[in-house]
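K.L.:
Just so you know, the sequences run in chain order A and B. Mapping of the first sequence onto the UniProt record's numbering: position 207 corresponds to residue 207, and the numbering continues sequentially without gaps. Mapping of the second sequence onto the UniProt record's numbering: position 168 corresponds to residue 168, and the numbering continues sequentially without gaps.
Check each hint, because a few of them may be wrong.
Listed below are the simulated DSSO-like cross-link pairs for lysine-lysine, each with C-alpha atoms no more than 27 angstroms apart in a straight line [as the list claims (entries may be wrong)]:
1) K52/A with K52/B
2) K52/A with K149/B
3) K149/B with K150/A
4) K149/A with K64/A
5) K150/B with K149/A
6) K52/A with K150/B
7) K149/A with K52/A
8) K52/B with K149/A
9) K52/B with K150/B
10) K150/B with K150/A
11) K52/A with K183/B
12) K52/B with K64/A
13) K52/B with K183/B
Computed spacing ranges between beta-carbons, pair by pair [what the hints assert, rightly or not]:
14) G54/B with S170/A: 23 to 29 angstroms
15) A166/B with A208/A: 23 to 29 angstroms
16) A220/A with Q125/B: 51 to 57 angstroms
17) S158/B with E130/A: 55 to 61 angstroms
It is worth saying that the hints were derived from the structure and are not from the lab. The beta carbon of each residue, even a glycine, is placed where N, CA and C say it ideally should be.
There are 2 protein chains.
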Amino acid sequence: MSAELNKAKIDVSLYLVLDPDLCGGEAAMVETAKIAAQNGATVVQLRAPNWKKGLWLQCAQQLKAVLAPLNVPLIINDHVDIALAVDADGVHVGQSDIPVQVVRQLIGPNKIVGLSTNNLANVEQLLTPEIANCIDYIGVGPVYPTSTKKDALPVISSAEMAAMFASTGSLPAVAIGGIGSGKIAPLIAAGADGVAVVSAICGQADVALATRNLGAELQAARAQSNAN
Amino acid sequence: MSAELNKAKIDVSLYLVLDPDLCGGEAAMVETAKIAAQNGATVVQLRAPNWKKGLWLQCAQQLKAVLAPLNVPLIINDHVDIALAVDADGVHVGQSDIPVQVVRQLIGPNKIVGLSTNNLANVEQLLTPEIANCIDYIGVGPVYPTSTKKDALPVISSAEMAAMFASTGSLPAVAIGGIGSGKIAPLIAAGADGVAVVSAICGQADVALATRNLGAELQAARAQSNAN
Chain A
1 MSAELNKAKI
11 DVSLYLVLDP
21 DLCGGEAAMV
31 ETAKIAAQNG
41 ATVVQLRAPN
51 WKKGLWLQCA
61 QQLKAVLAPL
71 NVPLIINDHV
81 DIALAVDADG
91 VHVGQSDIPV
101 QVVRQLIGPN
111 KIVGLSTNNL
121 ANVEQLLTPE
131 IANCIDYIGV
141 GPVYPTSTKK
151 DALPVISSAE
161 MAAMFASTGS
171 LPAVAIGGIG
181 SGKIAPLIAA
191 GADGVAVVSA
201 ICGQADVALA
211 TRNLGAELQA
221 ARAQSNAN
Chain B
1 MSAELNKAKI
11 DVSLYLVLDP
21 DLCGGEAAMV
31 ETAKIAAQNG
41 ATVVQLRAPN
51 WKKGLWLQCA
61 QQLKAVLAPL
71 NVPLIINDHV
81 DIALAVDADG
91 VHVGQSDIPV
101 QVVRQLIGPN
111 KIVGLSTNNL
121 ANVEQLLTPE
131 IANCIDYIGV
141 GPVYPTSTKK
151 DALPVISSAE
161 MAAMFASTGS
171 LPAVAIGGIG
181 SGKIAPLIAA
191 GADGVAVVSA
201 ICGQADVALA
211 TRNLGAELQA
221 ARAQSNAN
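Generate coordinates for the entire structure from the input sequences, incorporating the hints supplied.
P.N.:
As C-alpha cells, this is what we get:
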C-alpha cells in the first residue's frame, strides 16, 4: 500500500464531525449527516464520547444506511469494534487511543485510518514507512479555540501549523478545531487539504445552506491560494 | 456450540473485576490481578470506564502476560476491539453495550462472552437458542448496594435473584455488586455459581489473604448449600 494509494481513499475537503448534543439527539444527528452529505460534506465522522456502545452501534448503522448511497464515507471515532460491526469506511483515533498500527491490524488494509496530531513532533513520527502505511490522513488541530471537544489540547500556532502541513508529504491533512464561516482561507493558505467542522454544521438552523456556504468558502480559498 | 460446551469455557467461582482507582493505578492493578490469580481468583475482568483506549490496550497486554501463565482467563469489559488486539479470553457487556450477537460475531466462536442482567426479564430473553449460544455466563446484580459502579441499577430483591438463578439453565451465573467478606453464603444458597468482587480485593492491604479468605468462604458456603 503506497501513500498515493492511501490518498485516493478519502477526500477530506469538507469533513463533518458529528456532535449528538449540538444536533439535538440521535435522530436529528442522522438527519444532519444526510443533509450535509447531500450538500457537499465529503466525509462524516461519528463521535459520541459520552455514549454507551449499544447506542454507538445503532446510530452507526443508521448513518451507514444514509451515507453509503451518497458515496460519503462514514468514519468511527475511537471504536474499531463499532466500525467492524457496521462495516464502516474507517476509524479516526487520537494520540491517546489505540495506536494506528493496531487499528490497521484490526480493521484490515482497505479501510480508512485517520490520526489526530497536535504538533510537529506528532507529524514527524508518522514519516516512517511502517506508520505512514497505517494511516490515510491526519487531523491537525486545534487550529482555533474550540468548545465542542472537552479534552482539546492547546491551539496550534500559525507557524507550527504551516510546518505541520509542510511535513505531511502526500498524506492528506485536515484542519480541525473551531472552524466556521470566515475562518477557512488562512488554513488553506497554510497548506490544509480540507477543513473539519462541528458546530458550523451541527445545530445550524439550515444545515443544507450552512454546508453549501462552507463548501463555497473552501472553493474560494483554494482558488485564492492557487492564484498566489 | 451447545450450552454445555459453553459452560466448560469459564469457571466463575471467584471473579475479580478490577478497579484502577481502588488499586492505586495501572501498575498496582496488574500486581493485584497477579496476586489474586495466584491465590484463587478464577477469572479477571479489566474494567476502566474513564480510561482512553491507549491505556486500555497497554494494561490489557500487561494483564494477559501475568494471567496467561496462571491459566486465569482475562475478560475485557465493553471493548471488543481491545479484546481482539490482545487476544484476551473474552468480553463482558451490559444491557446497553454492543449486543451479544454482535459481540459473538466480532470475537469468534471460541472466546468467552458474558452479559450483565438486572432482572428476571433480562434472563428470560437469553433462553432462545440464538442468544444462549452467544453467551457463556451471565452476571446477576447488583445483589447488594455498591459504590464502585457509578451507573449501577437498583439492588435486586432476594426473591427476584433466586428466580433469576433458577432460570439460567446450564448457563453459569455469577452474582455481583457489593460482595465482600460475610456476604457470600446467601448468594450461593440462592443459586449463584460464583461471586464477582471489586473492593473486596482491589485496594486491600493484603490481596493474597483477602483472596484466600473469599475462596474459603465460598467453599464453606457451597458445602453448606449442598448439605441443605
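K.L.:
Each hint should be assessed against the structure and marked as holding or not.
P.N.:
Each hint tested on the structure:
1. K52/A with K52/B: Holds: K52/A and K52/B sit about 15 angstroms apart, inside 27 angstroms.
2. K52/A with K149/B: It holds: about 15 angstroms lies between the C-alpha atoms, which stays within 27 angstroms.
3. K149/B with K150/A: holds (23 angstroms)
4. K149/A with K64/A: Distance of about 24 angstroms is within 27 angstroms: holds.
5. K150/B with K149/A: Holds. K150/B to K149/A sits at ~23 angstroms (cutoff 27 angstroms).
6. K52/A with K150/B: holds (14 angstroms)
7. K149/A with K52/A: holds (18 angstroms)
8. K52/B with K149/A: The given pair, whose Cα atoms are some 15 angstroms apart, holds under the 27 angstroms limit.
9. K52/B with K150/B: holds (18 angstroms)
10. K150/B with K150/A: holds (21 angstroms)
11. K52/A with K183/B: Status violated; Cα separation ~31 angstroms.
12. K52/B with K64/A: holds (25 angstroms)
13. K52/B with K183/B: Roughly 34 angstroms separates the two Cα atoms, so the pair is violated.
14. G54/B with S170/A: 23 to 29 angstroms: At 27 angstroms between Cβs, range holds.
15. A166/B with A208/A: 23 to 29 angstroms: This hint is violated: roughly 57 angstroms between Cβ atoms.
16. A220/A with Q125/B: 51 to 57 angstroms: Between A220/A and Q125/B, where Cβ atoms are some 56 angstroms apart, the hint holds.
17. S158/B with E130/A: 55 to 61 angstroms: About 57 angstroms separates the Cβ atoms of S158/B and E130/A, which means 55 to 61 angstroms holds.
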